[in-house]
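**Q** Chains Z and P supply the protein sequences, listed in that same order. If you're matching positions, the first sequence starts at 1 in the UniProt record's numbering and goes up one per residue. If you're matching positions, the second sequence starts at 1 in the UniProt record's numbering and goes up one per residue.
Some hints could be false.
[Unchecked claim] In silico lysine-lysine, DSS-like type, Cα no more than 30 Å apart, as pairs: (1) Z:LYS318 x P:LYS331; (2) Z:LYS40 x P:LYS279; (3) P:LYS45 x P:LYS318; (4) P:LYS331 x Z:LYS40.
It should be emphasised that the hints constitute simulated quantities derived from the structure, not laboratory data. This structure is a prediction, so every number in the text was calculated from the model and none was measured.
Listed below are the residues making up each chain.
Protein chains: 2
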Amino acid sequence: MKKFINAPENVVTEMLEGLLFAHSDLLKTADDNVKNIVRKDAPVKDKVAIISGGGSGHLPLFLGYIGEGMLDGVAVGEIFASPSSSQILSVTKQVDSGKGVLYLYGNYGGDVMNFDMAGEMAEMEGIQTAAVIGTDDVASMPKGEEDQRRGVAGLFYLYKMAAAKAEEGSSLEEVVRVTEHASRNVRTMGVALSPCTLPEVGKPTFNIEEGQMEIGMGIHGEPGYYKGKLQSADDITSTLIEEISEDLSLNQGDEVSVLINGLGATPLEELYIVCRKVKDIFLDREINIEKVYVGEYATSLEMAGLSISVLKLDDELKRLLHRPFNTPFHKQL
Amino acid sequence: MKKFINAPENVVTEMLEGLLFAHSDLLKTADDNVKNIVRKDAPVKDKVAIISGGGSGHLPLFLGYIGEGMLDGVAVGEIFASPSSSQILSVTKQVDSGKGVLYLYGNYGGDVMNFDMAGEMAEMEGIQTAAVIGTDDVASMPKGEEDQRRGVAGLFYLYKMAAAKAEEGSSLEEVVRVTEHASRNVRTMGVALSPCTLPEVGKPTFNIEEGQMEIGMGIHGEPGYYKGKLQSADDITSTLIEEISEDLSLNQGDEVSVLINGLGATPLEELYIVCRKVKDIFLDREINIEKVYVGEYATSLEMAGLSISVLKLDDELKRLLHRPFNTPFHKQL
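So that you can see chain Z by itself, here it is in the shape it has in the complex (with noise of 0.2 Å):
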């Protein structure tokens, strides 16, 4: 193992410790523990709150989007594991001025079973919440079961949309519609060349001989579901379009954005290697990519690989992907 870190079990919280000094303009601590983070301005008035959490190693993912158009608060747990329920109520307590919180994360079953108990605390104390819960990543589950698919990178895409509509003034039932909306209609789908290296493991999780990729695999190093020989880009980009509009039921004429996200160890060169293939792709069937994103949105430490999201657009999601926002890593003038 090859890391840049003290002892391994201090990983998280010297991480934020750095985090926090250098984005002190835009972020702060929700009480006394760094790992329950809001908006330097929250509670921010008569606004819905969104609130996401999940496990570390994922940066930009969760707290990365804390900020004005994205996220009020983020409950941050240790690498590839769920924050507490406490700390979510924490964050709910803080981010709340009295609009309600959503509460907007990935679907894996710690972060389920905690934010559904948060979210029942923070009734109890007067809170009103709901939960939409990311599914975009495609290959983890057959059509038919998407609810039960985990999320990925797509959630960018959902802070978003549920951000854009929180600013217009939006009620949380509003917010809610908009998010779900945006949830039916985001798919990811990633591929992966070498694995990474939990701190406190100190060897691989998995791997992936050379020549080989693995295609959907996911961002914990969840299995995918082909493992064969590393293919061409406009190959592999042509693949992972191909499932993504199948799933989607993309047609000609329609709108999207792309998200181009960077696995962690992968070059920004080739992930634009790939945004050209996509771009010939959808020209080529004549659906219009209204944005892209390219970069680092969803990491998975020092993987090596990429994943795609397409979000399929209305006039409505249209207008509420162009809104600006400002957080540590992303902004969007």
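Chain P: place on chain Z using the hints.
**A** Frame of chain Z; chain P shown alone:
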């Protein structure tokens, strides 16, 4: 070699096609060559233009810094190879508004030769040019021979200062003065954990064994000055900051900006662990960190490693530091 590419010889042009598509709101080509890229709104009236250039494989360097508050244009080379003088000349013609053009790039033989030639050709066409060369890599040459050092991530600060000064309406002479002043006050130290592989070569450019690190390595794999056992993040950070502080003659009461840069494969989480230690060291020495940047600013394909750059501030540099910029990869509001 595991990369998302097609034919190795097409990596740069395909990458640029993707990049120009994704960032068509900010970038355009200077001519019919996708390797010659300028600001969408070039030439910007009544402003000294800033041009950079160099080999590919370092994104966001170089072309990722084109945009308002940063560069006007970039001539892009093949992987780790200089752009040609005719490319640079073409970019020069497209960005010049009559107020002159600053060539601002890292100290590498091919780049120096080609920018010099382009400058001579530009002068013959009546365009005034000047050059400032980044030489921030402390490890590459000893003290006393600072002007022979390589340019690495510290270039970010030179771009920032030159461009901010130019946007204030300053003359070419004034922009050069500030940029040279910034150059004398910026230092970088890097450490690598694993190599990168050039697509056309197909195997790693060097080797660092398991459990080892190399301090002082350049961003093309130029050898460092210390190869030894991988130390803790805190110890490595202390070493890098010690070297920089001594070379820069940092004293109690000084003000600095710090850039903690990932070389490609290193997770953001680890960069923030390093950030925490930098904060503690400077706090202890009563050196004020005015602003921190953390992320990928100058990479070396999928090399694992990081660098720390420190810019010593005075009132003018501090004012320029805080001016906003808007580029494809990084934005400052």
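**Q** Tell me if the straight-line CA distance from LYS40 (chain Z) to LYS279 (chain P) falls inside 30 Å.
**A** 20 Å, holds
**Q** Sort out whether LYS331 (chain P) lies within 30 Å of LYS318 (chain Z), counting only the CA atoms.
**A** Holds, because 22 Å separates the two Cα atoms, which is no more than 30 Å.
**Q** Given the proposed pairing of LYS331 (chain P) with LYS40 (chain Z), does the C-alpha separation stay at or below 30 Å?
**A** 19 Å, holds
**Q** Is the straight-line distance between the alpha-carbon of LYS45 (chain P) and that of LYS318 (chain P) 30 Å or less?
**A** 26 Å, holds
Hint compliance for this structure: every hint is met.
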